[in-house]
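Protein chains in written order, with my numbering: chain A, 24 to 161; chain B, -18 to 120.
By construction, these hints were calculated from the structure, which means they are not laboratory data.
Each statement offered as a hint is correct.
Just a few of them, taken from the derived set where beta-carbon distance is under 10 Å, the chain B residues facing chain A:
| id | residue |
| --- | --- |
| 1 | -3 |
| 2 | 0 |
| 3 | 3 |
| 4 | 14 |
| 5 | 18 |
| 6 | 20 |
| 7 | 26 |
| 8 | 83 |
| 9 | 84 |
| 10 | 85 |
| 11 | 90 |
| 12 | 91 |
| 13 | 93 |
| 14 | 95 |
Backbone N, C-alpha and C define an ideal beta-carbon position, used for all residues, glycine too.
Here are the chains, one letter per residue:
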Amino acid sequence: MQLKDTRREIKTIDLLPLINVVFLLILFVLIAGRPSTNHPSGLEVARSEIEATHQGAALSVWLKQDDVFYLSDKQPVTLGELAHLVKEKGLAAQGMPLELIADRRAHAKQLLAFRRAMARAGVGEIRLKTEIIAAASN
Amino acid sequence: MQLARRQRRAGFMGLTPLIDMIFLLLLFFLLGSDFVTYGQSRLAPPRGTGGESSAAPPVVITLAATGALSWNGAPADEALLARETARLVAQNAEQMLVLMPADEADIQQVTSVMDVLQGAGAQSITLERDVFDIDLADF
Chain A
24 MQLKDTRREI KTIDLLPLIN VVFLLILFVL IAGRPSTNHP SGLEVARSEI EATHQGAALS
84 VWLKQDDVFY LSDKQPVTLG ELAHLVKEKG LAAQGMPLEL IADRRAHAKQ LLAFRRAMAR
144 AGVGEIRLKT EIIAAASN
Chain B
-18 MQLARRQRRA GFMGLTPLID MIFLLLLFFL LGSDFVTYGQ SRLAPPRGTG GESSAAPPVV
42 ITLAATGALS WNGAPADEAL LARETARLVA QNAEQMLVLM PADEADIQQV TSVMDVLQGA
102 GAQSITLERD VFDIDLADF
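With the rest of the complex left out, here is chain A (with noise of 0.2 Å):
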């Protein structure tokens, strides 16, 4: 006896609700997230509760875990590297504010340091970077 043949035929797979769908991702991407930042991923800035507008700086001076200063990924650069940075840019006698990306984890005695090396050199606001996080609820 010769059985049916029950195997179905592969029918096309309609591939527009997968586009649709990926589309849609495209768009939450985009509205939800914003250009990358200006740091390296292993630096966690600290967090806050305080929500004050992120506003860019003239310059931006990383401040990494180790506890060194960095201008880019992996360029070091001393307090006073810095200064002379800051001199040769004109930032201070524009009366522009540096920006200070530091980890969260690193010390704040050189926090205090860059404070104190860049007043001298004449900056006078320095914005802390912070990672704005939602204030806990009373």
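With chain A's structure known, arrange chain B on it following the hints.
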């Protein structure tokens, strides 16, 4: 002579390149975007280096590496800091607060104390290493 008319077959548009491109776009935006919201804490210039002058003497707040706080030398906690700061700021909006963190305190601890002060309305917060760095003319 009658030529046979070739009939074109309806072309099937391949969707694979389109899907590839969409996935690449998705990957690009996922990797290139950041979902964290960033802010800034402002540090006023240190005293005696061109900072704004304040009629009221500055308040000195110390932060130990252990997280212990003091307000003008007296032991304090965050609630007291917030209460006293709010009281002083109500009298003088320009009230200068000098935060003196221990060398070994980490930046998160410093930011948390600044949060408390800013939350209580302080607008002028500066950092100093020790009392000898504070300009005596302020007192």
